[in-house]
Amino acid sequence: MTPRSRILLALLGAFLLALPWVVNPYLLSVATLILYLAYTGQAWNVMMGFAGQLSLGHSLYVGVGAYVSAAIFFHYGIGPWAGMWLSIALCVAIGAAIGFLAFRFGISGVYFALLTIAFSEFFRIGFDHLQWTGGSGGLFLKVAQRDQIDLGNFRGPPAMYYYAILSLTVSALIFCSFLLKSKAGYYWLAIRENEEAAQALGINTFRWKMLAVVISSAMTAVAGVFFAFYYNNLFPEQIFHISRSIEIILGPIIGGVGTLFGPILGAAVLTILADGITEILGALGWEIPGIKQVFYGIVMLLVIMFLPHGIWPPLARKFGLGK
Amino acid sequence: MLSVDRISKSFRGLKAVSQASFDVPAGSIVALIGPNGAGKTTCFNMIAGVFPPDSGRILFQDSPIQHLRPDQVCVAGIGRTFQIVKPFAGLSVLDNVMVGGFLKEKTVSGARKISMEILGKLHLESKADLPASSLTLPDRKRLEVARALATRPRLLLLDEVMAGLRPTECDLIVQVFRELNRSDGLTILLIEHVMRAVMALAQNVVVLHHGEIIARGAPAAVVRDPAVLECYLGEETEV
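Read top to bottom, the protein sequences are chains A and B.
Counting from 1, position 280 in the first sequence corresponds to residue 280 in my numbering; the numbering is continuous, with no gaps.
Counting from 1, position 189 in the second sequence corresponds to residue 189 in my numbering; the numbering is continuous, with no gaps.
Chain A extracted, bound-state conformation:
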């Protein structure tokens, strides 16, 4: 890391830590959403950006992670600190099953992506009919007491959730930068660049791709737990929907697939611009449904045309920052 990026990182850290004290509740919710997308983007990036396995079904892990911990809290009063592990275990099992099917039988590229969509759709429809979690009618948690902090059950004011997702995002960033510098990182990038050559260098590509899927699904499961306890209501049609998966991957794609700061930058740029445009149009009296999606499409086109590696790499080069 260059000295300049260290200073910038410290400034950014101080800004993020102080945020709940200086902004209004709406902006805090936007910041929470940005960090949530940055975190899930980072998790997705382990699979696609590092190991080159395109998942278009990451909403599956968010959904299962969210539903599992919310349901056992709802039914048995078991808090998310315990429930989280069940969420992680289940998501890892599902991810491993998908990975095993795909990698064992040589399903790759677009077909792998289709398989991930199929699985997330399968779970969407399954949860629609699962009465234990309220079916398509949804699962609702009691809304948190805004002034009390109950860390044990992860109930509290918005600032608590903000700090929780901030620490998750920071931990994910540190964890991923560690991964990228380790043997696993080298192996994943080799598999991403050329799987045949990687295998010829003694890499058991099946095993390392499985590891990427397992890590990515476990990280995303934690995001699901956060989602459940922050938003308090879960609907299969919403949480498992493919638009959710796309929302997750837009950040890293805009920011820079395979980079460490790309997912964070991408999530911030997209959310701020999209919400900003909606706000401005709203203030002008134009309520246009779906304008956010149109805007996502335009940004995506522009980035693909002019910055095919995302926004972060050219920025990092220009200002002498790291990955």
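Hints were generated in silico from the structure; no laboratory data involved.
Just so you know, these numbers come straight off a predicted model, no measurement behind them.
Check before you lean on any hint, since a few could be wrong.
To be verified - Partner residues are not named here, just some residues of chain A that face chain B (Cβ under 10 Å, in silico):
#	residue
1	Tyr-187
2	Glu-193
3	Ala-198
4	Thr-205
Unchecked claim - With a straight-line cut-off of 27 Å between C-alpha atoms, the simulated DSS-like cross-links for lysine-lysine are:
#	chain 1	residue 1	chain 2	residue 2
5	B	Lys-15	A	Lys-181
6	A	Lys-181	B	Lys-113
7	A	Lys-318	B	Lys-127
8	A	Lys-181	B	Lys-104
9	B	Lys-127	A	Lys-181
10	B	Lys-86	A	Lys-181
11	B	Lys-106	A	Lys-183
12	B	Lys-113	A	Lys-183
13	B	Lys-15	A	Lys-183
14	A	Lys-183	B	Lys-86
15	B	Lys-104	B	Lys-86
16	B	Lys-121	A	Lys-181
Glycine is no exception: its CB is placed at the ideal position from the N, C-alpha and C atoms.
Given chain A, work out where chain B should sit, using these hints.
Just chain B, lined up with the frame of chain A:
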């Protein structure tokens, strides 16, 4: 060290290799030559574990390897290069080699150290930090070799690494292989069209034609063999 015992391979009924047997003694350099489509690369791919032979055995240090996957073959001690180079284009030259280095070195610093040594041997150390995609073809071929060497193989399979190189570049890389063979005891099996390199390097030549071995022996003798001349130049006819 390597013993290929009557291996055959057909693709949709077309016999690519049939009943080929040859040995690569430890410490030797053996060349596999033959016209295009003779089955050389198919032989290589069977040895390297890309696909198993339909019949026959491949023994490496006396244990059968014909059913191992490519990564297991590499772990067993056989490194290979690809005829069509396959660099990890987005990674730096050094990182490319380090991927191979991790096979024997567990730490990042260890892998970096041996990778730099190997880059030095192949005269690529000044390009260590460049992206592999920026290299010229001769450099990419050397990178291919460096990466395979980083796995510390006992047998190195070279698939046409001299093709497309200028004679001076070719001589340079021949020198590198000679050195590796002499000082590190590296055994080499190479597929090669460039006879200049074959004559300079190989102690033994095996000639494949239409999937069958038609000649073998010392390079000087093989190039005078009528069967070999015939397959390369066509039959001699009285006019």
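Here's how the hints hold up against the structure:
1. Tyr-187: holds, 7 Å
2. Glu-193: holds, 4 Å
3. Ala-198: OK, holds: Ala-198(A) within 10 Å of chain B, min 7 Å.
4. Thr-205: holds, 7 Å
5. Lys-15(B) with Lys-181(A): Not satisfied, since the Cα-Cα distance of roughly 46 Å exceeds 27 Å.
6. Lys-181(A) with Lys-113(B): holds, 15 Å
7. Lys-318(A) with Lys-127(B): The given pair, whose Cα atoms are some 23 Å apart, holds under the 27 Å limit.
8. Lys-181(A) with Lys-104(B): Satisfied, since the Cα-Cα distance of roughly 18 Å is no more than 27 Å.
9. Lys-127(B) with Lys-181(A): Holds, at roughly 21 Å.
10. Lys-86(B) with Lys-181(A): Holds, at roughly 23 Å.
11. Lys-106(B) with Lys-183(A): holds, 8 Å
12. Lys-113(B) with Lys-183(A): OK: Lys-113(B) and Lys-183(A) at ~14 Å, within 27 Å.
13. Lys-15(B) with Lys-183(A): violated, 41 Å
14. Lys-183(A) with Lys-86(B): holds, 20 Å
15. Lys-104(B) with Lys-86(B): Roughly 21 Å between the alpha carbons, so the hint for Lys-104(B) and Lys-86(B) holds.
16. Lys-121(B) with Lys-181(A): holds, 25 Å
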